[in-house]
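**Student:** One letter stands for each residue in the lines below.
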Amino acid sequence: ETGVTQSPTHLIKTRGQQVTLRCSSQSGHNTVSWYQQALGQGPQFIFQYYREEENGRGNFPPRFSGLQFPNYSSELNVNALELDDSALYLCASSRWAGSGNTIYFGEGSWLTVV
Amino acid sequence: AQTVTQSQPEMSVQEAETVTLSCTYDTSENNYYLFWYKQPPSRQMILVIRQEAYKQQNATENRFSVNFQKAAKSFSLKISDSQLGDTAMYFCAFMKHVRSTTNAGKSTFGDGTTLTVKP
Numbered sequence: 001e002t003g004v005t006q007s008p009t010h011l012i013k014t015r016g017q018q019v020t021l022r023c024s025s026q027s028g029h030n031t032v033s034w035y036q037q038a039l040g041q042g043p044q045f046i047f048q049y050y051r052e053e054e055n056g057r058g059n060f061p062p063r064f065s066g067l068q069f070p071n072y073s074s075e076l077n078v079n080a081l082e083l084d085d086s087a088l089y090l091c092a093s094s095r096w097a098g099s100g101n102t103i104y105f106g107e108g109s110w111l112t113v114v
Numbered sequence: 001a002q003t004v005t006q007s008q009p010e011m012s013v014q015e016a017e018t019v020t021l022s023c024t025y026d027t028s029e030n031n032y033y034l035f036w037y038k039q040p041p042s043r044q045m046i047l048v049i050r051q052e053a054y055k056q057q058n059a060t061e062n063r064f065s066v067n068f069q070k071a072a073k074s075f076s077l078k079i080s081d082s083q084l085g086d087t088a089m090y091f092c093a094f095m096k097h098v099r100s101t102t103n104a105g106k107s108t109f110g111d112g113t114t115l116t117v118k119p
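Protein chains in written order, with my numbering: chain R, 1 to 114; chain P, 1 to 119.
The hints are simulated quantities; they were obtained by calculation from the structure and are not laboratory data. It should be emphasised that the depicted structure is a prediction, and the values quoted were computed from it without experimental measurement. A few of these clues could be false.
Examples of chain R residues lying across from chain P (beta carbon under 10 Å, computed) [stated by the list, open to error]: (1) Q44; (2) Y104; (3) G106.
Even for Gly, the Cβ is constructed at its ideal location relative to N, Cα and C.
Can you make the complete structure from the sequences, with help from the hints?
**Tutor:** Here it is as structure tokens:
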């Protein structure tokens, strides 16, 4: 139990639709990162939010966007869904992690795009 | 950019025996952190062990220990007295030390090693 909760756990969307995934970070954590994990691969960094601002992004197109709220919870939004967006989306929270603070992962949201 | 390579897609070990998982990485950074994560079928990523690059001493956590070779950019995980509950996918990950907040905490993962512990 890491204290990081994600919702929904599973969902199915149609190509072209939009999806919002949610994450509640562990208490005291002001940094939230999102990762995409395709089947059989390691997680890929999407972006990170620190104190409500995006402050780092991986190689993902602009249709992947996010928000962080004052309570440090976060959302990941994906527009114009494509079949390749089917993956496990992991949220990870930490205190400012530049000094290597432990990152805690949620159980993920399984997204299937048909 | 950093890369992490796990060259063993699958491994198996008999219960109570020892197994070593390999990981190599490439970076130009001098200060960084290395991690091993375990991901069981439940899919939750769990930290197994971490290593600070500036520490020469290899990290240990109970049955888990690492062999960190900074010059060779190698970071292997040894699991002693393997247990059935160790069956999972194991990921090696790299995080650079940053002074600013930008990308602080961004981790680069390998593609994982599926470990099966057999009774």
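**Student:** Go through the hint on R/Q44 and say holds or violated, using the shortest Cβ distance to chain P against 10 Å.
**Tutor:** holds, 8 Å
**Student:** Holds or violated: is there a CB of chain P closer than 10 Å to the CB of R/G106?
**Tutor:** holds, 7 Å
**Student:** Hold the hint about R/Y104 up to the distance rule: shortest CB distance to chain P must be less than 10 Å.
**Tutor:** R/Y104 check passes; min Cβ-Cβ to chain P is 8 Å, inside 10 Å.
Checked against the numbered hints above, the structure breaks none of them.
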